[in-house]
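There are 6 protein chains.
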Amino acid sequence: MFNHNKRLQYTVRVSETNPALANLLLEQFGGPQGELAAAMRYFTQALAEEDAGRKDMLLDIATEELSHLEVIGSLVAMLNRGAKGRLAEAIDSEAELFRSLQGAGNDSHVTQVLFGGGPALINSAGVPFSGAYVDSIGEPTADLRSNIAAEARAKIVYERLIHVTEDPGVKDALTFLMTREIAHQKSFEKALYSMDKSFPPGKLPGDPQFTDVYVNASRGEGDTTGPWCEGKDFSKVIVPDDDNLPVDGGDGLASVTLAGKEKQAVEAFAVRGASDPARDPITGADLGTLQQEPKE
Amino acid sequence: MFNHNKRLQYTVRVSETNPALANLLLEQFGGPQGELAAAMRYFTQALAEEDAGRKDMLLDIATEELSHLEVIGSLVAMLNRGAKGRLAEAIDSEAELFRSLQGAGNDSHVTQVLFGGGPALINSAGVPFSGAYVDSIGEPTADLRSNIAAEARAKIVYERLIHVTEDPGVKDALTFLMTREIAHQKSFEKALYSMDKSFPPGKLPGDPQFTDVYVNASRGEGDTTGPWCEGKDFSKVIVPDDDNLPVDGGDGLASVTLAGKEKQAVEAFAVRGASDPARDPITGADLGTLQQEPKE
Amino acid sequence: MFNHNKRLQYTVRVSETNPALANLLLEQFGGPQGELAAAMRYFTQALAEEDAGRKDMLLDIATEELSHLEVIGSLVAMLNRGAKGRLAEAIDSEAELFRSLQGAGNDSHVTQVLFGGGPALINSAGVPFSGAYVDSIGEPTADLRSNIAAEARAKIVYERLIHVTEDPGVKDALTFLMTREIAHQKSFEKALYSMDKSFPPGKLPGDPQFTDVYVNASRGEGDTTGPWCEGKDFSKVIVPDDDNLPVDGGDGLASVTLAGKEKQAVEAFAVRGASDPARDPITGADLGTLQQEPKE
Amino acid sequence: MFNHNKRLQYTVRVSETNPALANLLLEQFGGPQGELAAAMRYFTQALAEEDAGRKDMLLDIATEELSHLEVIGSLVAMLNRGAKGRLAEAIDSEAELFRSLQGAGNDSHVTQVLFGGGPALINSAGVPFSGAYVDSIGEPTADLRSNIAAEARAKIVYERLIHVTEDPGVKDALTFLMTREIAHQKSFEKALYSMDKSFPPGKLPGDPQFTDVYVNASRGEGDTTGPWCEGKDFSKVIVPDDDNLPVDGGDGLASVTLAGKEKQAVEAFAVRGASDPARDPITGADLGTLQQEPKE
Amino acid sequence: MFNHNKRLQYTVRVSETNPALANLLLEQFGGPQGELAAAMRYFTQALAEEDAGRKDMLLDIATEELSHLEVIGSLVAMLNRGAKGRLAEAIDSEAELFRSLQGAGNDSHVTQVLFGGGPALINSAGVPFSGAYVDSIGEPTADLRSNIAAEARAKIVYERLIHVTEDPGVKDALTFLMTREIAHQKSFEKALYSMDKSFPPGKLPGDPQFTDVYVNASRGEGDTTGPWCEGKDFSKVIVPDDDNLPVDGGDGLASVTLAGKEKQAVEAFAVRGASDPARDPITGADLGTLQQEPKE
Amino acid sequence: MFNHNKRLQYTVRVSETNPALANLLLEQFGGPQGELAAAMRYFTQALAEEDAGRKDMLLDIATEELSHLEVIGSLVAMLNRGAKGRLAEAIDSEAELFRSLQGAGNDSHVTQVLFGGGPALINSAGVPFSGAYVDSIGEPTADLRSNIAAEARAKIVYERLIHVTEDPGVKDALTFLMTREIAHQKSFEKALYSMDKSFPPGKLPGDPQFTDVYVNASRGEGDTTGPWCEGKDFSKVIVPDDDNLPVDGGDGLASVTLAGKEKQAVEAFAVRGASDPARDPITGADLGTLQQEPKE
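If you read the protein sequences in the order shown, they are chains A, B, C, D, E and F.
Heads up, the first sequence stops at 296 in this note's numbering, and the numbers go up one at a time, no gaps.
Heads up, the second sequence stops at 296 in this note's numbering, and the numbers go up one at a time, no gaps.
Heads up, the third sequence stops at 296 in this note's numbering, and the numbers go up one at a time, no gaps.
Heads up, the fourth sequence stops at 296 in this note's numbering, and the numbers go up one at a time, no gaps.
Heads up, the fifth sequence stops at 296 in this note's numbering, and the numbers go up one at a time, no gaps.
Heads up, the sixth sequence stops at 296 in this note's numbering, and the numbers go up one at a time, no gaps.
Certain hints may be false.
Remember, identical chains collapse to one label, so a pair may be satisfied in a single copy or spanning two.
[As the list claims (entries may be wrong)] Cut-off 30 Å, straight-line C-alpha distance, at most; resulting in silico cross-link-like pairs (DSBU-like, lysine-lysine):
#1 Lys236 x Lys197
#2 Lys261 x Lys232
#3 Lys203 x Lys236
#4 Lys6 x Lys197
I should point out that these hints are in silico values taken from the structure, not numbers from a laboratory.
This is chain A alone, in the form it adopts within the complex:
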């Protein structure tokens, strides 16, 4: 069970009202690389985890991410607080409030008009948080890699936000949050390589005919090589053309065996929709180009 301590993990000190900055920070509140996505990624993994050590780690980090959600949400609330008051109480004229709303810029009007200045489960574009941001699939060799990647992405978005933040208190808090993503990435890396075997992920081996092959599907000036297509891991580079397509030696077509009634139905469907390549018909485009007569 969760408990909540009214103190934040990191103190939030904001110098002045700045709804546009607040809106950018929503990226890490309700955005795809944000703290709710992180918390839920680890929390959902934890609940179904079979390994005691990983389960504990996932719960620790999920709980910390919820606490980061609180920090970033508090930053948003403080940056919007003055603007919220002004709009709610209408202590300025309509013209002034409209100018002020427009002047703040980016998508901050959404937070003001729709959400009344509170932190909302949206990203900086106003797009609602989606459960689809959480890519947990219940297999540790995949989920730990997803977690590592997610921490890396979150770290970068914080970095960008720090680059555009002048307010020292906000910058401090963002730096703390960014730093913790680094620490979490380290934990997930450790957990991944504490397993006996994590590659290939899962249980089934690949088909040895195709695991060491690189397919050079994009060609022309700019074609290069590197360890990702030759060297230790790759025994063969295929250029997919008429000579080697399909790779299985078949006819490269798609086919299905149809039962009698199905065959008959598919044929009827095909006949009904057949196009006649020998016709060059008048079309709607023609009708739309030529002036037609008014009715008599």
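Following the hints, complete the assembly by docking chains B, C, D, E and F onto the known chain A.
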């Protein structure tokens, strides 16, 4: 520019109509771990890539994933083909068609009724593909990790599909597709470690006070340790309680400096919405519990 | 900051594997009336709340709802655990696993194939959780009513789940969760009526011409009356027809004053797109009905 | 069946082109608190309603909300009309049109470029309307509360829009629309309390052990009391800690009885994915930190 | 303004409870080709329409589509009515209700458990209605074609539903609704060709170099010809290969002129992220393959 | 299978950094009328197509649209390239970067902060691409009309973008892309009218009672006539009022035959939720209006 060769990368041979299996395969057509997500992940990265080697690799793999989209989509089309004909031409009675639609099970009714048996940009639940599945963020130290994780997840979903597929031709094609995810993961791993430095991701270092700290936020029976919280990478474990919250030594509160007019507005807002803790009011719940009088 | 105690708020005892029941329970995990929506509804309100009493209450209840998310998620994980193992390890034949997946029914295939049996941020249809489920707007007279309504809805969905659950341990836990929604509704009711004035919500009064009017816009057999259209609160019933439309005494049209250049542009646009009612043209439908000639 | 009278319920008089204001108004056209959401909320309830009086009321109000959708949509169309003409006919230079598009601000570029100035089913952020905004669940004791809350929220969003609108004709129409939300809220309140019993909502009573309990899950400075946690409705306050977790007296763990084969499969899965806490492995982060050798 | 007549446009007579059929019908209630999408497509076009005749037609048809929404929604409500009662009142045992929910099949559990049997703004997969289904863009030469296509799609989905419906009253109503789509398509065809010129759509002509060219981008066995690539409308077929790429005679590359500081920044970014093709590094995949030592 | 040639179909030459223009162009990358939607519309149709000619055409055009996706994505990448470098490397001060982000305007902050300047699968509002943009339904008489309409819409959005673009290289590329939509529309028109019969779409005829009827559902000033409601195609205009509702001569009501137990359950449900029209109850609105007493 893309070109298309009418031969598939891998021949598709389906033994019999099976709309339910078709529906499961949609997971890898329009689902979050599917081939379109993969193709678009690499393609969008490629277009903005500054490194010639990575750009080439991303275009190679994006192009191959589009070709896998074609293979999986062809499997879906073939598995549905007989059912499509029967429903479109109504060669059976309504009762029989209804039974057959119901009998196929899982969400195959969506493909039949809404999409006419064609491969649709949905997953096996009928949820439309979302651009949010693509987690490219334009920074190679994060994107390559996202790609590695995505390949691992896709590999696992193929594995699960293979586990429930009896049709040998379908199983072969799925095994080929699964294998290629392993090969792609290897390429992305090589590309990641071909960089001089990929950790911490991005440009900014973390705050050294907090990079080596582990926060033990979930406690009780089941608390464990491992390399993810102690050892080489972690110098300190914090239990976040009244003694060490917040971690920055401040008051742990959220505050903002408000300009004069803002302060006044926020106070007016607070007063207007103040709750009176000294009151124990009659509520709507009370009104809903007690029988009220009919109007005389 | 949040802390986590490894003990659940309510013990989860599941009698046997039941992926279909697990899938139904997802409605309260990642669905619109579920525990994450509830937790986030109150948490986002709390962060921007100006009233100390309400802020505390919102944090208490948000934290409890997160703990309920853990209970319902644990129920899902346990109900799926056996099926997860079977699919991951493929200890049965493909045919048996396919039958078992199909046999479980409703949308449980999504949880198995895509999510590996873990609780996912989806509802029972497989639709991802959306931030749009959270209807907090930052004004207490509205938000408290939203909370009351949300608790009522959640209570009902639990009731329906209880009605279809045979497993005694699951039923017990669901009954606990349902009961807490009742308690939370009472708290929100108290908070709403602890305010000096909560109706009309917000700051602006209505226009007295239209606050006491009922518009009888649907008429015919089945037209009834009741306190919602006549009596203490309603001074007038309007039947909106030619005699009283519009209600403001104007012309009932939409108009705008256009600047010179705008007027000219709109006219050019109108001319370019004008339809000629005097023409009865040949159309694409005609072309599609009549057989056209093959090209010579 | 619906009929339409070409006169609006309220005359729309717009003083001048203002695409930015138009965009803000979209919040009440295609946004979560907007008129389509309202109309559909009541309309879907009406179709399944068993009570003749409520059904009539729901149809009356749904029909009026559709008419409000028309008013707000007409406001949007008029505010955009001049800009639509200019962009469609390109009577200005590209530079001027670009500046004018940028200058209008907020998300008005979406309406101009994608929707050609027409009212679109999006909110002010450009997010498409979602059926998820409609929280009808087919149980009157919940739905009426949802309706009351929805009217309160809509009232507030109108209030905010009025606060930023200078155009007198627009302000008038918005005031009318806002006022009607007050009237509708009154109707729904009357309908709710015209039922014999509406609390607890639905049919099942709560478990008496937990209906009168308040859980003080958030603690520290700022902990308060009020009627929402003590007084008439609450007999007990619980602080959830090791002493009283779980509340049911069990072990607070999640468990399931697995069938023989399931048990074996889950164990195999656990073994395959076991982490070794005794290892402190080299990780990908390490590889990314240390410079690696070029190949020979 | 809208008015509502309590009589339906077409009488709804349902023979017996059938939640699965109800769920399929939701495709035309809240699905992409359904009646709400249709009504909103025409209604949003009407509000911004400059041509009096088209505006009137759009309002007529929008209003009729709302009335069709009522018919299809009433069908859904009636087909679910018995099941709704059983679940709400729990007059059967839990086991029986669970079996009955499972037995109904397809996604009908969503309507029962989440929506209490009412018609919901979802499609047959449980996916919420989206404003993105409405493809109006405010230009008649495009919108009328969208309307024609939408009516064609809706007609087909009705046809499929009719093919699986045994209940004569339901079949009758569906046939009526399907027929009206044909009539509407005719109206939109007439409106399109009543314009002086509707092709090419909009104002700008195409570049004559590329309007009559067909690009044969997919080649191999199965390459065909027909009037869509040769004949009256096409003067040239291009096979896009090294000989004619790009079509503009340039270098086929993407380039941008960067300002001095930008150039320097992009170079710094490129250097920081450069990959070294000469290295064949140890990777995370390697670490995951090889057994690592436990910490001593 | 797809292959990729590193040369673009049309050379991309961008004069200077312009993130706001880049953001507008995203409409055609990840937006509803954009190139990915187009490519996927035709590709999904192709895979299930039974007619050899159409299948080839669909693959040709799908492949070309993917190549257009590459062109438009490259435009986006080039327009953002300078800004990407500046933000990633932070070569300016925070204040300057914030100003520059704000100054670019529209939703370009999303591309910068979340996506690092790369082309993302979003539209110009930041809304993720949705599979719901693809309206293929597997029936050629509908799909070809959808394709015609989609090309018309895409042409218009390009036209609008051209109208606001000053950069000559960008304008050229957009003009090329726009022109190709015209050519594609011609191909689809030819394919539609190469079928023997494409109207009414699909297999079932309409009910002759209702195919030639026009329903004048919107009336009042502004009521007009034209070929869309009278003339060759329409034999009758109905004004839907009490005299002719419903059109089938029934009672215009919705009814269902309930089995015994169902009837009893529905009645119990109705009784439990009955409203009493004879009561004029005190409501929550009343409680919220009147000052309540503090608890003594």
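Hints versus structure:
1. In this assembly of identical chains, Lys236 and Lys197 lie within 30 Å of each other by CA distance both inside one copy and across copies; the values are 25 Å within and 28 Å between.
2. In this homomeric assembly, Lys261 and Lys232 never come within 30 Å of each other (Cα to Cα): the closest approach is 53 Å inside a single copy and 40 Å across copies.
3. Taking the shortest alpha-carbon separations for Lys203 and Lys236, only the intra-copy value of 25 Å comes in at or below 30 Å, while the best inter-copy value is 36 Å.
4. Only between protomers do Lys6 and Lys197 lie at most 30 Å apart by alpha-carbon distance; the minimum there is 28 Å, versus 42 Å within a single protomer.
Hint 2 from the list above is the single one not met by this structure.
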